[in-house]
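Novice: Here the protein sequences line up with chains L and U, keeping their order.
Under the working numbering, residues 1 to 218 are what the first sequence spells out, in order.
Under the working numbering, residues 1 to 120 are what the second sequence spells out, in order.
Simulated from the structure, these hints should not be mistaken for laboratory data.
Please note: incorrect hints may appear among the correct ones.
What the hints assert, rightly or not - Distance ranges between label pairs, derived from CB positions:
1) F16/U with F106/L: 51 to 59 Å
2) Y47/U with G48/L: 21 to 29 Å
3) V32/U with I167/L: 57 to 65 Å
4) G31/U with G12/L: 26 to 34 Å
5) T12/U with I70/L: 22 to 30 Å
6) G30/L with A34/U: 25 to 33 Å
7) A53/U with A171/L: 22 to 30 Å
8) A53/U with F76/L: 17 to 25 Å
9) A20/U with P151/L: 46 to 54 Å
10) G30/L with E60/U: 17 to 25 Å
11) L108/U with M169/L: 35 to 43 Å
12) V29/U with A171/L: 20 to 28 Å
By construction, the Cβ of each residue, glycine as well, lies at the ideal position given by its N, Cα and C atoms.
Chain residues, written in single-letter form:
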Amino acid sequence: MSDVKGKVLKHGEQTRTMHWLHLICFLILGLTGIGFYWNIGWINDLFGGPANASLVHRWTAVVFTAGPAIYILLNFERFSKFIDTISTFTRDDIQWLKTMGGYIPFLKGKVPPQDKYNAGQKILGWVVILGCLLFILTGFPMWLWRHAVSPAFLDFCYTVHFWDAMIMMLAVLGHFFLAAIHPQSRVEFSSMMLDGYVDAGVTAHHNAKWFANLSKLE
Amino acid sequence: MVSILAEKGGITRRQFFKGAGVLAVVAVVAGVFAKIGIDMFKVSDDYIAKRAAGLYTLDEKMAIRKSHENPEIIQLYKDFLSPGEVKPMTEKAHHLLHTRYGQDIPALLEELRHYQGEAA
Ligand code: HEM
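Given only the sequences and the hints, what does the whole structure look like? Please build it.
Specialist: What follows is the structure in structure tokens.
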């Protein structure tokens, strides 16, 4: 690592709160969803039976939708910067993808300097945004329009909703592995899950481009 | 002393337009989707209204619209259900005109057999 001393504030309080809220909602939604898709008794019973599990799923979905919406409205600048970062793909990002950030032992090559988020995290950002939009656009019709729309359309929503859930759960599992388990990347764990800070040396190494533009708070 | 580093405040024009652009796209997609949904409710309401109107029209065209004024029913009461007069709710009418469902069907068949061959 580099010999820069100090720490970097990576994620503010509201960002961390929103991330926690969304994570908890996602777990509840995923669990109840799996429960009623495969009709698994003990999961449904955790939520007071299938009918209640369905209600828990729907009202958790309201929080799942409203949480980020309120966050974005309150933190429009933060959101805009995030969108800017994840929509900027340069040669360095392509090179990161070619070497997979050095995470895969047999993929050799120099890992180029990265923004606040590396190319993999940028892609995850888009996956989450699109995945959540699909959940919202299919889930609410499944709840509120079920008696008005055609059975074919409802069936289409159920199918998209289900596959969205499968893909998102895999994506989140991968994200969890890198953020909490992998020894090279879990050093950032506390920046989102606890106090918001990352070691400055780690940041200078992992997010060199972003680090170059930071300024001193104290 | 440990130094604390953070991002500078404020956003550039480019960042603003990207953020606003994504929100605008989401708003448009959600709007289009909501419009589709509302239109579907309209189509469904329309259909229900037309179907109801059709049933009322058919009913209005019927020559006989009330069962108690139907000459064939009146005749049936006179000849069989309440011989000699038109009197609803006789024992026979009660047993023959009320049906039963499910597990009670065998008993009903038994009863009907009991009236077999009987005529006024
Ligand atoms: C805005 C967010 C969401 C809304 C409005 C929503 C709504 C719904 C509704 C109404 C159902 C129908 C089940 C029932 O009749 O009770 C459902 C099913 C389901 N949901 Fe969600 N949901 C959302 C997010 C999620 C998330 C984040 C996941 C997974 C991580 C998920 C996984 C599932 C699964 C697996 C099913 C069963 C699908 C099927 O039967 O084909 N949902 N959802």
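Novice: Which numbered hints are broken by the structure, listed smallest first?
Specialist: 1, 2, 3, 7, 8, 9, 10 and 11
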